[in-house]
Amino acid sequence: MKKLTKLGAVSALSLIIGATSAFAENIKIAFIDPLSGPFASTGTNGLHQFEFAADYLVNQKGGVLGGTNFEVIGFDNKISPKESLIQLQVAIDQGVRYIVQGNSSGVANALTEAVEKHNKRNPDSRVLFLNYAAVDPALTNEKCNFWHFRFDANADLKMDAITDSIVANPDVSKVYLIGQDYSFGKAVAAAANRFLGEKSDTIEIVGDELHPIGKVKDFTPYSRKIVASGANAVITGNWGADMLGLGKSIIENGFEGPIYTYYAAGSGITAAFGESGKGTIRLVGEGKVNPSPSQEVSDYYNAFLAKHPDGNLDQTRIANTIGMLARAIEEAGTADDVVAVASALEGMEYETMFGGKILMRASDHQAIQDLHIFEHTDEDIAFPYDGSTFGVKVINTIEMAGADSPTTCEMKRP
Amino acid sequence: MTDQITTDPSKPAQRMRAGSMSLTVGPWIVAAVALMLMPYIFTSNSALTIMNQMWITVVFALAYNMLLGQGGMLSFGHAVYAGVGGFACMHIMNNSDLFASFPLPVLPIFGGLFGMGLAMIVGAFSTRSAGTVFAMISLGVGELIAACSVIIVAFFGGEEGVSGDRTYAMPFFGNEFLQQIDVYYLTSFWVLLSAILMYLWSRTPVGRMANAVRDNPERAEFLGYSARWVRFYSFVASGFFAGVAGGLFAINYEILTEENLNTASSGVILLVTFLGGVGFFFGPIIGAIVFTLVQTVLSLQTELWAFYAGSLFLATVMFFPGGLAGLMMMHVPVFRLGKMKMLLLPYAKTLIPAAIGILGLCCLVEMTFHYRHAATGDHEMTLFWTTFDSHTLMPWIIAAAITAVGLGIAKMTAPALKEAWDEANTAGGTS
Amino acid sequence: MELILVNIIDGLVTGLLLFMLSAGLTLIFSMMGVLNFAHASFYMLGAYFAYQISIALGFWMGLLIAPLIVGVLGAGVERYGLRRVHQYGHVPELIFTFGLALLIEELVQFIWGKNQMPYNVPEVLNFTAFSIAGNSIPAFKIFMIFISIGIFIGLLYILTKTRVGMIIQAALSYPRTVEALGHNVPLIFMGVFGVGTALAGVAGVIAGPVLGTFPGMAFVLGSIVFVTIVIGGLGSLWGALVASLLIGWMTTFAKSYNIRMSDILNGIGISTPENLDDNIFRDFWTVTSPQIADILPYILMVLILIFRPAGLFGKRES
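Residue numbers (the numbering used here), protein chains in the order written: chain Z, 1 to 414; chain W, 1 to 431; chain F, 1 to 318.
One should not assume that every hint holds.
Taking CB as the label site, the calculated pair distances span [unchecked claim]:
1. Z:K357 x F:F127: 26 to 36 angstroms
2. W:A124 x Z:T202: 48 to 58 angstroms
3. F:S271 x W:G174: 26 to 36 angstroms
4. F:G33 x W:I121: 27 to 37 angstroms
5. Z:E331 x W:A264: 18 to 28 angstroms
6. F:T272 x Z:P291: 32 to 42 angstroms
7. W:H391 x F:I55: 24 to 34 angstroms
8. W:A264 x F:G33: 39 to 49 angstroms
9. Z:D378 x F:W112: 18 to 28 angstroms
10. F:R163 x W:A416: 42 to 52 angstroms
11. W:F125 x Z:D378: 51 to 61 angstroms
12. Z:T202 x F:V124: 37 to 47 angstroms
13. W:N95 x F:S271: 44 to 54 angstroms
Far from chain W, by Cβ distances over 10 angstroms, these chain Z residues were calculated [stated by the list, open to error]:
14. D76
15. K78
16. P81
17. L85
18. D93
19. A114
20. I213
21. E296
22. E346
23. A403
No lab work stands behind these hints: they were computed from the structure. A virtual CB, placed ideally from N, CA and C, is assigned to each residue, including glycine.
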């Protein structure tokens, strides 16, 4: 009987490994992010954007290297570091040389180390890790390595932009910091403290605290403290249900100032905030769609909507990631030698269709790009999110944000 | 290896058998050879990774079953013992002087010792009673330690966890464990060793008394055994092997995070153990293999893997409370009576249509999911190597027909199967 | 001072919401011995059904119909699932509900997708009832308080003053005797399970707009419901109420005031060690009360189980 079970296991194992070797011509990109579980909506939407970007920007234009197509394969990591490492191994065995991941800096930390060890131990099957959304500054500072590239601005760069906007706002004199109790939340708080201290003598930080991540059922006690502190602006790095819960609770309990944040758009959050978030929610991010910077962007967005009517194109950096990878492969003249591709990506200057250019800084593999402060509103929104009438509109732009920001990275090149 | 551990007092034959410390060598040799040969059948690194994950789950599930199956203690927080053992191993890995002084295969022992240490502390107060009190204390302690993992950054590393590099250990006969295959053999060695030790433990007087305390603590007390201390010893031993599993995890993944401690992991190991069957020593082994395959392999094929896993699990609990192992062992009496042949045809008549019907049902589920959630204009979907348009009527009719016919035939032939089963289980008769 | 009053109200809302869940669970647990892990899933189903109904018929019909559907579903689960598993013993029963919780979460994602649902407070109640020193108390929270108190009084009346309540109470302690007297105990079990899950459904309907309606909402609530009934004492309605309020206020106050571990330790005469950054206990010294607010109930539960296993109001050991 036991042998029977083993036989079943045997056939199942050989199935997965055999099934995928048929399409050898495509350049495979493994998308390792949550596709099931509580964070699945963000992951699935990201996968759709990658598939669309690869199809629209590369395959429909004839591919790279004279006709080779990109193929994005989704791997469900269930937002678990352990599963991510298993899926990484499966992806590598399927001939994938490019890994994209973004949700959760914890997973990104695990992946970047695993990729570094893998590349050291298996020089024949090296892979690149293209990080499109994990913004823990450590990834391009003390934990940086040659194989990791970040296409999103890190938490420090974004906080730099947020604090610029706060200092320029004469209504803000007292700021309250609140965030999730983990590496990213702490990085946000530390950066906010540092930048506000450097940039202004008059703005006072009246609260600085962390709450357990993903465990808070009711944010009312926190919002009471915020209101009681007399703060007229809130900074938070919260995302997902924690962002929605905190934001709704703060607004509901009588807070009237702006809430500056990173992730309060798309994935159902824009629709759920609706009218109540208008004029309150301010976000930082790259790539503007409202107002649309060019006809090219409008076409791109409309084509995406035609395919995914309920979807959001809320991560424009995904298009940049695909575009820059395609150019690096063209420049390197090969997709198999990832060292050559990585060298081509290093220091690349890329004109993005969303306006401005992107510089992949060679010293730490951090993309330097224009950052915008957005406002959650339903006015002048050409491309709303979540099938609602609300979306985000640019109110402020910082060009090439943090181009001279320091890094502690000591890049070791092979 | 297939001895039934559950002693059913109503069956005199089983009462008589308890107490022997003998070890049947046969199954273990088969297991060892199988472990050795597996990498020759599956050569790819991902297969090795998946198998490593399987063996780690096997050790952990067997350790868990020392509590649940053999001791009758339901724990909702057993992941913390594996997790703490693993974290301890990570810290040893990062302490380069200490780590360089012994070879890597020794490391899981330290994991075991730390898991055991924690189990001794918690067990001191939690094993005073079994049942709900024990279960709720384990839940509380599990939540506490999981919550500590993001607060006490010095030991647990916060959300990003603690990572290290296994290759800095003292080379083991020149091997630095650079490749997956090296790690595979290390893990296989430990899974075999732990399984043998745990099996022997279940044969010791303490292991036997654990069964007695599970079934009737009062009588065990009358016999002069302290039910509490028997539970305590089981708990500590279980903590040791859970810690070994944690140490193996540390070697395999070179990183431990909060997920190794949280209640979801504790819940998963409960599911794994129960799915395999708590009544038999080898039950958790089957559970671990099946669950890892579902979680890792099925999730590559479909987003709905958790849905299927949940359904499989519910069906097991409702219809085969003995788990998969129990299902297999149901056939032992038939086999002994030499009437297995009588069952083959009825089985084929019922199970093959049933399987086809269930696959048809899965097709319907997948098609509904695709219809509702796929991109607009993306009407094409592929199921079982067939590509079709999910927005036309034909595939639905086919899938529905397959389901109806398959399940219909199964339902029709089920009474005959039942008859054959009863017949086969009756001694004497035609044979 | 005003803040204390505000916190008392907030804690009351949290506590009463918890009570609606634990009231049903404590009855189910003490009667059938089942730790119903799927209880929070029925709470989630309540919210989703109410959202779906509120699109077509408005919030109030949702409040009326959704709990009924949840209750019928709950009774069905008891009749066709649990009763079957019951014969195998308590552990399989518990594991059945565990699997059911997983399956319900998957089903909800299958039907409604993975995003947060835009289920909002009805317009009639979407205003500020009153405010205390700048802290506004939304009318919906007052509404929640009234609903839960109403349910508590209703339950108490049914359990202590009616014939059905008497039979249920008797079945709690002596199921066999009650059966011998000619009452249909399985029917009582089914009824209690249905009513218990319906109560969870009510909680979902009124909590959904405030706490969010998403597939993880059952998981976020997690095992805190069991903690409540264990602290309160199994089978005791009063115990469930007291424990719910205790947990509600405890967590609310712990989150509202930043009490630092170093302040407490300094207060009792232990001075902060120098070079805190290198100290292995550095994390312990910097713990603040909001960080540990959500695990305080677990600490309380472990302590209660060690020193008073019957719980605060329980009559028998669990």
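Hint-by-hint comparison with the structure:
1. The hinted window of 26 to 36 angstroms between Z:K357 and F:F127 is violated, with their beta carbons roughly 49 angstroms apart.
2. Separation of W:A124 from Z:T202 is about 57 angstroms and conforms to the stated range, judged on CB atoms against 48 to 58 angstroms.
3. Hint check: F:S271 to W:G174, Cβ distance near 53 angstroms, so the stated range 26 to 36 angstroms is violated.
4. For the pair F:G33 and W:I121, the beta carbons lie near 29 angstroms from each other, so the given range of 27 to 37 angstroms is met.
5. Roughly 44 angstroms separates the CB atoms of Z:E331 and W:A264, a value that falls outside the hinted 18 to 28 angstroms.
6. Under the hint 32 to 42 angstroms, the C-beta atoms of F:T272 and Z:P291, about 54 angstroms apart, miss the expected range.
7. Between W:H391 and F:I55 the beta carbons are some 25 angstroms apart, a value that agrees with the proposed interval 24 to 34 angstroms.
8. For the pair W:A264 and F:G33, the beta carbons lie near 25 angstroms from each other, so the given range of 39 to 49 angstroms is not met.
9. With their beta carbons about 24 angstroms apart, Z:D378 and F:W112 fall inside the hinted range of 18 to 28 angstroms.
10. About 49 angstroms separates the C-beta atoms of F:R163 and W:A416, a value consistent with the hinted range of 42 to 52 angstroms.
11. Judged by the Cβ atoms, the range 51 to 61 angstroms given for W:F125 and Z:D378 holds: they are separated by roughly 58 angstroms.
12. For Z:T202 paired with F:V124, a C-beta distance near 43 angstroms keeps the hint of 37 to 47 angstroms intact.
13. A hinted range of 44 to 54 angstroms is violated for the C-beta pair W:N95 and F:S271, which are about 30 angstroms apart.
14. The Cβ of Z:D76 does not lie farther than 10 angstroms from every Cβ of chain W; its closest approach is about 5 angstroms, which violates its non-interface assignment.
15. Listed as a non-interface residue, Z:K78 fails to keep its Cβ farther than 10 angstroms from every Cβ of chain W; the least gap is roughly 8 angstroms.
16. A cut-off of 10 angstroms between C-beta atoms contradicts the statement that Z:P81 is not in contact with chain W; the least separation is 5 angstroms.
17. The claim that Z:L85 lies off the interface is violated: its Cβ sits roughly 5 angstroms from the closest Cβ of chain W, which falls inside the 10 angstroms cut-off.
18. With a minimum CB-CB distance of about 4 angstroms to chain W, Z:D93 fails to clear the 10 angstroms threshold, and the non-interface call is violated.
19. The Cβ of Z:A114 does not lie farther than 10 angstroms from every Cβ of chain W; its closest approach is about 8 angstroms, which violates its non-interface assignment.
20. With a least CB separation of 7 angstroms from chain W, Z:I213 falls inside the 10 angstroms interface cut-off, contrary to its annotation.
21. For Z:E296, the non-interface assignment is confirmed: its Cβ lies about 21 angstroms from the closest Cβ of chain W, beyond the 10 angstroms cut-off.
22. Every CB of chain W is more than 10 angstroms from the CB of Z:E346 (nearest about 25 angstroms), matching its label as outside the interface.
23. With a closest Cβ-Cβ approach of about 27 angstroms to chain W, Z:A403 is found to remain outside the 10 angstroms limit, as its non-interface label requires.
Comparing the model with each numbered hint stated earlier shows that hints 1, 3, 5, 6, 8, 13, 14, 15, 16, 17, 18, 19 and 20 do not hold.
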